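A.B. asks: Residue strings, one per chain:
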Amino acid sequence: GAVVSQHPSWVICKSGTSVKIECRSLDFQATTMFWYRQFPKQSLMLMATSNEGSKATYEQGVEKDKFLINHASLTLSTLTVTSAHPEDSSFYICSARASGAETQYFGPGTRLLVL
Amino acid sequence: AQSVTQLDSQVPVFEEAPVELRCNYSSSVSVYLFWYVQYPNQGLQLLLKYLSGSTLVKGINGFEAEFNKSQTSFHLRKPSVHISDTAEYFCAVESSGGSYIPTFGRGTSLIVHP
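In order, the protein sequences belong to chains A and B.
For the first sequence, the tail end lands on 115 under the numbering used here, and the numbers increase by one without skipping.
For the second sequence, the tail end lands on 229 under the numbering used here, and the numbers increase by one without skipping.
Please keep in mind that the hints were generated in silico from the structure rather than gathered at the bench.
Since this is a predicted model, take the numbers as computed values, not measurements.
Some clues are possibly wrong.
Unchecked claim - Incomplete in silico selection of chain B near chain A, CB under 7 Å:
#1 Y154
#2 Q157
#3 G158
#4 L159
#5 F219
#6 R221
#7 G222
Just so you know, even glycine gets a beta-carbon here, dropped at the ideal spot from N, CA and C.
Produce the entire structure from the sequences given, and follow the hints as far as they go.
C.D. replies: The following block contains the structure:
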């Protein structure tokens, strides 16, 4: 149980375009979802926390207008990178947690390359 | 505030040898502790967790970790590693008060040589 999927797994786009990444909890209801960014050979950097039906809480230094997060249902959260630039190229990982649970489950990640 | 220190960025070891990956944390409140493994180009997989109770925690793939409150440590161990254990390992801490926002260490790269 506790499977989290992400789509797409890889995306290559031109600079200036927007990219949407989906995160789904397949077999549980995720009241909270987290979005992380990971640079090569580095740890995960928390970007934002989203609770179903409410606005996401962004970490300091993360531009909320650039990284739009929507958590419209208990099984789906989306991250949209708007007007992507090469410096946005990274590995984006989501995780999901059920209400009251101590453990979060991670998606397989999405590698974004902006040319 | 809480923090996690993984003292070793890289740990090379021969196959079938024992290994210990070190993790120390600091927190002003009670904590939950986690170890995750990340294979190349994949997300994180939970290896084991300490929430309460027995300080020796057993996880998947033959790994175990021991919570030591006095030393604020949660070191990960395996008595005999395999080539397939080559991966990045992350220690994480959460306050048990319910914020549910983890703090990750910088990771330790375990490299198992034949």
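A.B. asks: Are the hints correct? Go through all of them and say.
C.D. replies: Hints, one by one, checked against the model:
1. Y154: 10 Å, violated
2. Q157: Because about 5 Å separates Q157(B) from the closest Cβ in chain A, which is inside the 7 Å limit, the hint holds.
3. G158: 4 Å, holds
4. L159: 4 Å, holds
5. F219: 5 Å, holds
6. R221: 5 Å, holds
7. G222: 5 Å, holds
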